[in-house]
Structure formats: structure tokens, C-alpha cells
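Got chain A sorted already, so can you dock chain B onto it with the hints?
Heads up: the protein sequence lines correspond to chains A and B, in order. Note that this note's numbering has the first sequence beginning at 49, numbered continuously upward. Note that this note's numbering has the second sequence beginning at 34, numbered continuously upward.
These are calculated hints, taken from the structure and not from any lab test. All C-beta atoms in this analysis are idealised placements derived from N, C-alpha and C, irrespective of residue type, glycine included. The reader is advised that the hints may include incorrect statements.
As the list claims (entries may be wrong) - Straight-line distance between alpha carbons at most 25 Å, and here's what the computed SDA-like set of lysine to any residue pairs gives:
{"hint": "1", "chain 1": "B", "residue 1": "Lys223", "chain 2": "A", "residue 2": "Pro103"}
{"hint": "2", "chain 1": "B", "residue 1": "Lys223", "chain 2": "A", "residue 2": "Ile120"}
{"hint": "3", "chain 1": "A", "residue 1": "Lys102", "chain 2": "B", "residue 2": "Val208"}
{"hint": "4", "chain 1": "A", "residue 1": "Lys193", "chain 2": "A", "residue 2": "Gln97"}
Said to hold, decoys possible - Now the in silico label distances, taken between C-beta atoms and shown as ranges:
{"hint": "5", "chain 1": "B", "residue 1": "Val288", "chain 2": "A", "residue 2": "Ile185", "range": "31 to 39 Å"}
{"hint": "6", "chain 1": "B", "residue 1": "Ala215", "chain 2": "A", "residue 2": "Val112", "range": "36 to 44 Å"}
{"hint": "7", "chain 1": "A", "residue 1": "Thr75", "chain 2": "B", "residue 2": "Leu38", "range": "57 to 65 Å"}
{"hint": "8", "chain 1": "A", "residue 1": "Leu61", "chain 2": "B", "residue 2": "Arg265", "range": "50 to 58 Å"}
{"hint": "9", "chain 1": "A", "residue 1": "Asp144", "chain 2": "B", "residue 2": "Leu205", "range": "45 to 53 Å"}
{"hint": "10", "chain 1": "A", "residue 1": "Ile191", "chain 2": "B", "residue 2": "Ser116", "range": "45 to 53 Å"}
{"hint": "11", "chain 1": "B", "residue 1": "Ala65", "chain 2": "A", "residue 2": "Thr75", "range": "48 to 56 Å"}
{"hint": "12", "chain 1": "B", "residue 1": "Val90", "chain 2": "A", "residue 2": "Ile191", "range": "51 to 59 Å"}
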Amino acid sequence: MRQTRAIELGTGLFVLLGFAALFFLVTQVTSRQFGIGDGGYRLVASFEQVGGLKPGAPVSMSGVNVGRVESIEYDFKEYRARVTLRIGSAYDRIPDDSDAGILTAGLLGGQYVGIGPGASETFFRDGDQIQFTQSAIVLENLISKFLFSKASEQPAAATREESNR
Amino acid sequence: MIAALPRELLASLREALATLGRYAFFLLRLLAATPRGLLRFGLVVQQVHNAGALSLVIIMLSGLFVGMVLGLQGFDLLQRFGSEESLGVAVALGLLKELGPVVTALLFAGRAGTALASELGLMRATDQLAAMEMMAVDPVRRVVLPRFLGSVISMPLLAAIFSLIGLFGAQLIGVQLMGVDAGQFWSQMKGAVELDDVMEGVIKSGVFGVACGLVAVYEGYHSVPTAEGVGRATTRTVVISSVLVLLLDYMLTAVML
Numbered sequence: 049m050r051q052t053r054a055i056e057l058g059t060g061l062f063v064l065l066g067f068a069a070l071f072f073l074v075t076q077v078t079s080r081q082f083g084i085g086d087g088g089y090r091l092v093a094s095f096e097q098v099g100g101l102k103p104g105a106p107v108s109m110s111g112v113n114v115g116r117v118e119s120i121e122y123d124f125k126e127y128r129a130r131v132t133l134r135i136g137s138a139y140d141r142i143p144d145d146s147d148a149g150i151l152t153a154g155l156l157g158g159q160y161v162g163i164g165p166g167a168s169e170t171f172f173r174d175g176d177q178i179q180f181t182q183s184a185i186v187l188e189n190l191i192s193k194f195l196f197s198k199a200s201e202q203p204a205a206a207t208r209e210e211s212n213r
Numbered sequence: 034m035i036a037a038l039p040r041e042l043l044a045s046l047r048e049a050l051a052t053l054g055r056y057a058f059f060l061l062r063l064l065a066a067t068p069r070g071l072l073r074f075g076l077v078v079q080q081v082h083n084a085g086a087l088s089l090v091i092i093m094l095s096g097l098f099v100g101m102v103l104g105l106q107g108f109d110l111l112q113r114f115g116s117e118e119s120l121g122v123a124v125a126l127g128l129l130k131e132l133g134p135v136v137t138a139l140l141f142a143g144r145a146g147t148a149l150a151s152e153l154g155l156m157r158a159t160d161q162l163a164a165m166e167m168m169a170v171d172p173v174r175r176v177v178l179p180r181f182l183g184s185v186i187s188m189p190l191l192a193a194i195f196s197l198i199g200l201f202g203a204q205l206i207g208v209q210l211m212g213v214d215a216g217q218f219w220s221q222m223k224g225a226v227e228l229d230d231v232m233e234g235v236i237k238s239g240v241f242g243v244a245c246g247l248v249a250v251y252e253g254y255h256s257v258p259t260a261e262g263v264g265r266a267t268t269r270t271v272v273i274s275s276v277l278v279l280l281l282d283y284m285l286t287a288v289m290l
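So that you can see chain A by itself, here it is in the shape it has in the complex (with noise of 0.2 Å):
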């Protein structure tokens, strides 16, 4: 009886070191948040290119974490990408004149969605669309871009240094 009492108990405590080692990696090593999944309420926002924004990516107001984004769908009426955001219900004061870009955090960090609070008194609502966007910044566009511009100048001072001599 004794020993079988002293099995149940080593048991017990296996099996209840297991489950915390296991909930301790959902919640702590991975950014999954509970409540703010279920409560809060979704924005949406159209933007003409996400880069490489994902589902969870978090949203945040001046580096606060403020929710994530749920989806992101492609809009074949207005040929934009489509981004939901659900925002936790504590932040329910965001003017409903803000606008929300696609930032990266760092060099080679991942992209969230940053919104800059506008000056309007009255705040969104659920289901509410961003009207002022801005795209996420491709890399590749800037590089060629920059180039390119460097590349119809160079023909330009090569004239100048021939007319210099």
C-alpha cells in the first residue's frame, strides 16, 4: 500500500512536471498570447504591397504591442492586399483618422504593422477600415531604384567632364 502510494506520487509528479515544461513552451518560448485571439476587435487596412508580412505578426502604436494581424487575403475588387488586424479590446482609443504602415523592425528583423495615431476625436470601431496606408518597402525595388538613378546620372557627368576639358 505504502509502495503503490509512493508510485501514484513519483507519478503524479512526472506527469505534472511534463504538462508545466509543455505550457511553459507554448506561452513562454513561442509569442502566442491568450485573450487577445478572442477578445478585441479587427481593423481593416489595404495595402498595395505587404512584403513579407505574416499572420501573427504583431501590430504596434510607438513600439507598444497592441494586437497582431489575423489574415491576410488578396482583394480582387480593388487588386490590394487585404490585412485584418485584431486589436486588443484595451486599446479601444486609436482615432480613426490613423494610418497604418508595414514596417521592419531591425535590418533583417520581420515586418509588423506600425499605426501612427492621427488627430481625430472620434475612434474606431469594429470593423472599421484604415484609409491611410503605406506599402511595406521592397528592398529589391529600392536597390534598383537607387541604380538606376545613379545610372542616368553617371552619362551626365561624363559630358560635364568632357566639356571641362
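This is chain B only, laid out in the frame that chain A set:
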């Protein structure tokens, strides 16, 4: 002799296929008995204790050292690219998705699988299983099934503990010894690791639990009832489980990646 070679090859191939079939039947038999086997809670608890709780020390110790090595190697590698802050991500993904489940399963096969196989083999050799059949007690349901369920339940828990301890081992080396910023270590990890990655590890270790448990009880239950037979059953358990775990690991990774 040359003419006999293909025939021998064919025979051994047929034997291998037959073994696979017997394994499948045994698994089906165990699965069919599982709902009723779970009702005999005390027996299962005892086996979770034998397979899981008693493996805890070796799992934790191995996890700590595997994590520390990962921390050291990962730091050395990432430092060359000047991104040692990503150490947390590298270690966490490596442990959760690969090393946690696989190393746990290999250790489990060595620690608990052999114990199961030799126990069942000895029961067979000393006619204890036959005696149960005489008393109209189904030995598969009474003896084999709780042991199988014990390892299926234990494996994911052991793998989770392994990964967690490993993470702390890596943190110990990376942050305390090598001076990676602790905030970066954890926040980059949180940013990059998804719930799916954790679930991948859980699914893998669950499958490995079924594989290791099945091989151990099958080999033990069907061992030749001699001293030599029990020894061979134990050896076969380790060899088959290890190869099976690595094989399944590749297939599961290819499917889930």
C-alpha cells in the same frame, strides 16, 4: 549456389514483410484494446512510473548537456556572422523540432524499451504469460497494453522536459558564459518560434512513443523463451527502435516542414 541466392534473398524479404505484417497486427490489437485498457488506470499509472518517472533523471541530465553543447556550438557558428543574438532562436527550434523528440526517443529506447522487452521476455521464458492464459486472463490486455500505453503517455512529456532543460542549458552557456544579451536571447526566440513548432515536437514525440513502445512490447512478448532469446529480444528492441525513430523522424519532418 548462385541459383539459390535469389531464392534466399526472396525468402528473407518475405520474412521481413511478414514481420512488418505481424507488427501491424499487434499494433491494431493494442489499439483495439486501448479504450478498455485505459479504464484500468492503476496499471497504466504504474507503467507511466516505470517508463517515464524513472527515466526522468537521465532525460534531464542529457537535456542539460545537449542544450549546453548547442549553446556553445551555436554561439561559435553565429558569432562568425555577427548574429549571436539569434542563439535563442537557433537553440529553441533545434531542440523543439529535432533534438528534443529524437534524443529523448533514443534514450527512452535504451532506458525503458530494453527494460520492457527483457521483463516481458522473462515473463515468457518463465511461463508467466502462459499461466495467465490458463487463468483466462488475456496477457496482452493485462500486461502488454499498460506497458505500451505507459510509453505512449510518457514520451511527449519527457521530450517537453528535455527541450525545456536544454533551453536553460543553452541559456546558461550563451548568456551567462558567452555574454549574449539575455533580453535578445528570449525576445528573438519568442518572435521566431511559433506554436506550430512546439506542436511539431509534440506530434513527433507522440509518434516515437508509439514506435518505441510497440517495438519493445512486441519483441519482448514474442521473444524465444530462453536466456539467449531474451537477450536477443533486448538487443533487437534497441536496434529496431533507434532505426525506426530516425526513419520516422525524416518522414515526419518532410511532411510537416
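>> Looking only at beta-carbon atoms, does the pair threonine 75/A, leucine 38/B fall within the given range of 57 to 65 Å?
In response: The hinted range 57 to 65 Å holds for threonine 75/A and leucine 38/B, with Cβ atoms some 60 Å apart.
>> Quick check: does the Cβ-Cβ distance between isoleucine 191/A and serine 116/B fall within 45 to 53 Å?
In response: This hint is violated: roughly 22 Å between Cβ atoms.
> Cβ-Cβ distance between aspartate 144/A and leucine 205/B: within 45 to 53 Å?
Replying inline: holds, 49 Å
> Quick one: are alanine 65/B and threonine 75/A within 48 to 56 Å, going by C-beta?
Replying inline: Taking Cβ atoms as reference, alanine 65/B and threonine 75/A lie about 37 Å apart, which means the hint is violated.
> Has the given pair, lysine 223/B with proline 103/A, been kept, meaning a C-alpha gap of at most 25 Å?
Replying inline: holds, 15 Å
>> So if I understand the rule, the pair passes when the alpha-carbon distance is 25 Å or less; does lysine 223/B with isoleucine 120/A pass?
In response: holds, 22 Å
>> Is 50 to 58 Å respected by the C-beta to C-beta distance linking leucine 61/A and arginine 265/B?
In response: violated, 36 Å
> Does the Cβ distance between alanine 215/B and valine 112/A fall inside 36 to 44 Å?
Replying inline: The hinted range 36 to 44 Å is violated for alanine 215/B and valine 112/A, with Cβ atoms some 21 Å apart.
> Taking the beta carbons of valine 288/B and isoleucine 185/A, is their distance inside 31 to 39 Å?
Replying inline: holds, 36 Å
> Measuring from beta carbon to beta carbon, are valine 90/B and isoleucine 191/A in 51 to 59 Å?
Replying inline: holds, 55 Å
> Going straight from one Cα to the other, do lysine 193/A and glutamine 97/A come out at no more than 25 Å?
Replying inline: Holds, because 16 Å separates the two Cα atoms, which is no more than 25 Å.
>> Run the distance test for lysine 102/A versus valine 208/B: straight-line Cα separation, threshold 25 Å.
In response: violated, 30 Å
In the structure shown, a violation is registered for the earlier hints numbered 3, 6, 8, 10, 11, in ascending order.
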